[in-house]
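Here are the chains, one letter per residue:
Number of protein chains: 2
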Amino acid sequence: MAVELKDLTKSDENYSQWYNELVMKAGLAENSAVRGCMVIKPYGYAIWEKMQRALDDMFKATGHQNAYFPLFIPKSFFSREASHVEGFAKECAVVTHYRLKNDPEGKGVVVDPAAKLEEELIVRPTSETIIWNTYKNWIQSYRDLPILCNQWANVVRWEMRTRLFLRTAEFLWQEGHTAHATREEAIAEAEKMIRVYQEFAEQWMAVPVVVGHKSPNERFAGAEDTLTIEALMQDGKALQSGTSHFLGQNFAKAFDVQYVNKEGKQEYVWATSWGVSTRLMGALIMAHSDNNGLVLPPKLAPIQVVMVPIYKGPEQLQQIVERFEQIASELKKRGISVKIDDRDNVRSGFKFAEYELKGVPVRLAMGPRDMENGTIELARRDTLTKETVSQQGLEDLIEQLMTEIQENIFQKALNYRNSMITKVDSWEEFQQVLEEKGGFLSAHWDGTPETEQAIKEATKATIRCIPVDAEDEEGVCVFSGKPSHRRVLFAKSY
Amino acid sequence: MAVELKDLTKSDENYSQWYNELVMKAGLAENSAVRGCMVIKPYGYAIWEKMQRALDDMFKATGHQNAYFPLFIPKSFFSREASHVEGFAKECAVVTHYRLKNDPEGKGVVVDPAAKLEEELIVRPTSETIIWNTYKNWIQSYRDLPILCNQWANVVRWEMRTRLFLRTAEFLWQEGHTAHATREEAIAEAEKMIRVYQEFAEQWMAVPVVVGHKSPNERFAGAEDTLTIEALMQDGKALQSGTSHFLGQNFAKAFDVQYVNKEGKQEYVWATSWGVSTRLMGALIMAHSDNNGLVLPPKLAPIQVVMVPIYKGPEQLQQIVERFEQIASELKKRGISVKIDDRDNVRSGFKFAEYELKGVPVRLAMGPRDMENGTIELARRDTLTKETVSQQGLEDLIEQLMTEIQENIFQKALNYRNSMITKVDSWEEFQQVLEEKGGFLSAHWDGTPETEQAIKEATKATIRCIPVDAEDEEGVCVFSGKPSHRRVLFAKSY
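For the protein sequence lines, the chains are F and Y, in the order given. Each residue of the first sequence is one higher than the one before, starting from 1280 at the first, in this note's numbering. Each residue of the second sequence is one higher than the one before, starting from 1280 at the first, in this note's numbering.
Honestly, the hints are just simulated from the structure, not real lab data. Check each hint, because a few of them may be wrong.
Since copy identity is lost for identical chains, a pair holds within one copy or between any two.
[Claimed, not checked] DSS-like, lysine-lysine: derived pairs with alpha carbons at most 27 Å apart:
| # | residue 1 | residue 2 |
| --- | --- | --- |
| 1 | K1386 | K1541 |
| 2 | K1369 | K1691 |
| 3 | K1369 | K1289 |
| 4 | K1761 | K1369 |
| 5 | K1339 | K1578 |
| 6 | K1289 | K1380 |
| 7 | K1630 | K1339 |
| 8 | K1415 | K1532 |
| 9 | K1612 | K1578 |
| 10 | K1386 | K1716 |
| 11 | K1702 | K1630 |
| 12 | K1304 | K1380 |
| 13 | K1329 | K1339 |
| 14 | K1304 | K1630 |
| 15 | K1386 | K1415 |
| 16 | K1380 | K1735 |
| 17 | K1611 | K1716 |
| 18 | K1415 | K1395 |
| 19 | K1369 | K1395 |
| 20 | K1702 | K1735 |
| 21 | K1329 | K1612 |
| 22 | K1541 | K1630 |
| 23 | K1578 | K1541 |
| 24 | K1761 | K1739 |
Chain F with its partners taken away, still in its complex shape (with noise of 0.2 Å):
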């Protein structure tokens, strides 16, 4: 398949079309003959497992284990938690029948009416109930407490209007489940958990966050507080990107999970969970990339430096390569994964291009003269700038790089997120900036959800979060004009 770059849309001219054809042109996801569902790409699965990898490594360093759960939840299982079936479980694939039988009019199967579920079962949307109906079996005493379970698994939401990585039927997720003897240590760890969402999403995929608390109004269903990690797109539009919910004792009342405490006294368990998905990957693209592609952070990236031979004849190319054997070898042993591009039926411009498209971090070129004079040409992704360095200390330059590069795509991604975030006081304000500019609006806002309401129907635009970290500041509502106590984060939103 031939990376057609030149058809890639700019992405100021329609941002939304620009994050599409990336997604397919750089290989990284595609629709599926399913309506809803993607197919991960190689390569970008390989970001995804890095992903995954890095996270793995971080919840279990928290104290975390993993587990696997039932992909189906019987339906009556939905009605106990009452505010999660109301903000839940309504748009879930529902599987009724057990079999299929040849089609007796025809060629082909059909469902087999006889083989009909007497309780249906959903794919699960998320693993609440089926979780705390299994955790009641494993809790009986305070010394079986605290729970930190984490699974891996695919899940589905029956959306309407999906896009690739962002919103898509199904998608892969990691879900957290804890469970706890009391209400502060539940609340220290929903804390703890988008801490890490925060250190991932700031080391790892170079997105600065905002961390806060969601409204009641955009509260999960079924937690008494939610927590989020808030990030800023190129386009000016927010991307949640992780959450972590206290649960209070609302799961465990509606499972009836009670523990045996230290005096003796049975008290219902208190829960947490939280939970990133593919959906990062979206975050990862949009937050970077520019008209030339993807621009990966090196601690993701599964190929952090592509060398491209520049040669005539298969002499040349023979002992160019050679030489970038010698040069891989030294990286590997530094843990830098590389890529050596010897392909002989597309040009050296070509493979530029591509690896712009798959944004790899670093890209080395030699030709003969470089050859004879000890040189090589090296191009950095983020800032498309290359010069010519001597190969003399190259490994030492690469592995360094790794490390600026990070920073740098950091760095510039938080000062365009922190010129984006505006500080506005008045109804007028609020709309201007939000048409005109984007981006964060930091505003003061009365506390009611039905003024929030009026908002997001006025403007689109919705509570991203309560920062934990916004000060005290006496004020008036941008829209009621009612008293308000501090300032919230508002943006539209992906």
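Once you have looked at the hints, place chain Y on chain F.
Chain Y alone, transformed into the frame defined by chain F:
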């Protein structure tokens, strides 16, 4: 949850019950609220993760990449490959609706009849069809080949009689799906991957396997040849532990996947698929465990060394734990995983039994006298022996023991397996050995499906495989008396 070791059924009294209890009591898995679906508990999942990591590394070392394809498959896809639909796809979870709604007649939710899918979706029982439908768009020219993809996923086959790990409605697996330009290359790939499985089973699981071809009756639906690894459990029954299929051009023709070869001519693509699943957990458990519980090979043990303090009072406990921590730190540097069990609410005898149940390869115990003498008690799970050794050089000893135990467990299983391959040359002998001894029967077979079927009906034994290294040997079929050119392996199986 207290471990109730005393209740573990003896394996020679009731092997099946022993297995079920062991899986649950050792904290590996349990049945869920959803018929046929299991919960894989943290300790079981930790073993599965180690299996996954080792296999994944082997797949990548042989040039494969991971990708992810949809959970759902349109019903019509199954009809495209005739023998595939015949052999498969009948006992499946069928999604017919995509929405629930509040029950108009009361509380709870019901399926919304207005949200019926135009075409039903099947929860994948295996992914050949959706993947080959996708490959059609990835493959145009010989330059796009080979495609070497693997996916880690959950699949669902609506089994009526389920057993934890061995046969569950939902299970976890990996499925490799490769596309090749030539028949020879595809056959070589199928052979390469069955050897990867063999290496994994023997080197990591310490389970010896026979590599062979399935008879046509037992082939995968849609395959031209199925290679298998067959392991022997301690009750004398065989367990198919992994398969690798040469699919010919069957799926390429069903989904019209053609490529332009070097001569500019259109040709159909050649295919393989190969998979292992959480069934391997069953093989691991049944190959090595005993009446005291699991016996885990060190390479797959989540905890390789457990340390139990023998103490009176908190002061002794603290001193011993401090010394343990020094040893643990040294062991961790060598990549050995360690747990110090300093619980003060259970006796050390209880702990000993618990870690035997959980199959921890090495147990260290230390009391005040050991502290004085510079000694430590070291117990091996595989031999159930213990000895007092010097703390001096302990880390070297343990590192060496990891290798020794791994090899010992394999050797023991190999000796048993070899002792359970019996050459039989008459029908009387066949029946007698099968009933009285069990294991593999190496016997002549006339090569017809009719004879295979008749033997199965008479004895429940099936042809497990035609070993790849079966020698040419003239003989007569044990059942029909017709001529045969080599022996095949029969056994009762899981």
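Against the structure, the hints:
1. K1386 x K1541: neither (66 Å within a copy, 38 Å between copies)
2. K1369 x K1691: neither (41 Å within a copy, 55 Å between copies)
3. K1369 x K1289: Answer is neither; intra-copy 38 Å and inter-copy 48 Å both fail.
4. K1761 x K1369: neither (36 Å within a copy, 63 Å between copies)
5. K1339 x K1578: both (19 Å within a copy, 19 Å between copies)
6. K1289 x K1380: neither (50 Å within a copy, 42 Å between copies)
7. K1630 x K1339: between (39 Å within a copy, 24 Å between copies)
8. K1415 x K1532: within (10 Å within a copy, 51 Å between copies)
9. K1612 x K1578: Answer is both: 16 Å inside a copy and 25 Å across each meet the 27 Å cutoff.
10. K1386 x K1716: The answer is neither: 59 Å in one copy and 47 Å across copies each exceed 27 Å.
11. K1702 x K1630: So K1702 and K1630 fail the 27 Å test inside a copy (45 Å) and across (60 Å) alike.
12. K1304 x K1380: neither (40 Å within a copy, 39 Å between copies)
13. K1329 x K1339: both (15 Å within a copy, 14 Å between copies)
14. K1304 x K1630: The answer is within: 14 Å in one copy meets 27 Å, while 57 Å across copies does not.
15. K1386 x K1415: between (48 Å within a copy, 24 Å between copies)
16. K1380 x K1735: So K1380 and K1735 pass the 27 Å test across copies only (26 Å; inside, 50 Å).
17. K1611 x K1716: Intra 44 Å, inter 53 Å, cutoff 27 Å: neither.
18. K1415 x K1395: Neither way: K1415 and K1395 sit 29 Å apart in one copy and 34 Å across, limit 27 Å.
19. K1369 x K1395: both (21 Å within a copy, 13 Å between copies)
20. K1702 x K1735: within (18 Å within a copy, 79 Å between copies)
21. K1329 x K1612: both (19 Å within a copy, 24 Å between copies)
22. K1541 x K1630: Answer is between; shortest inter-copy Cα gap is 22 Å, intra-copy 66 Å.
23. K1578 x K1541: Classified as neither: same-chain Cα gap 46 Å, cross-chain 39 Å, threshold 27 Å.
24. K1761 x K1739: For K1761 and K1739, the Cα distance is within 27 Å only inside one copy (21 Å; across copies 80 Å).
Checked against the numbered hints above, the structure violates hints 1, 2, 3, 4, 6, 10, 11, 12, 17, 18, 23; every other hint is satisfied.
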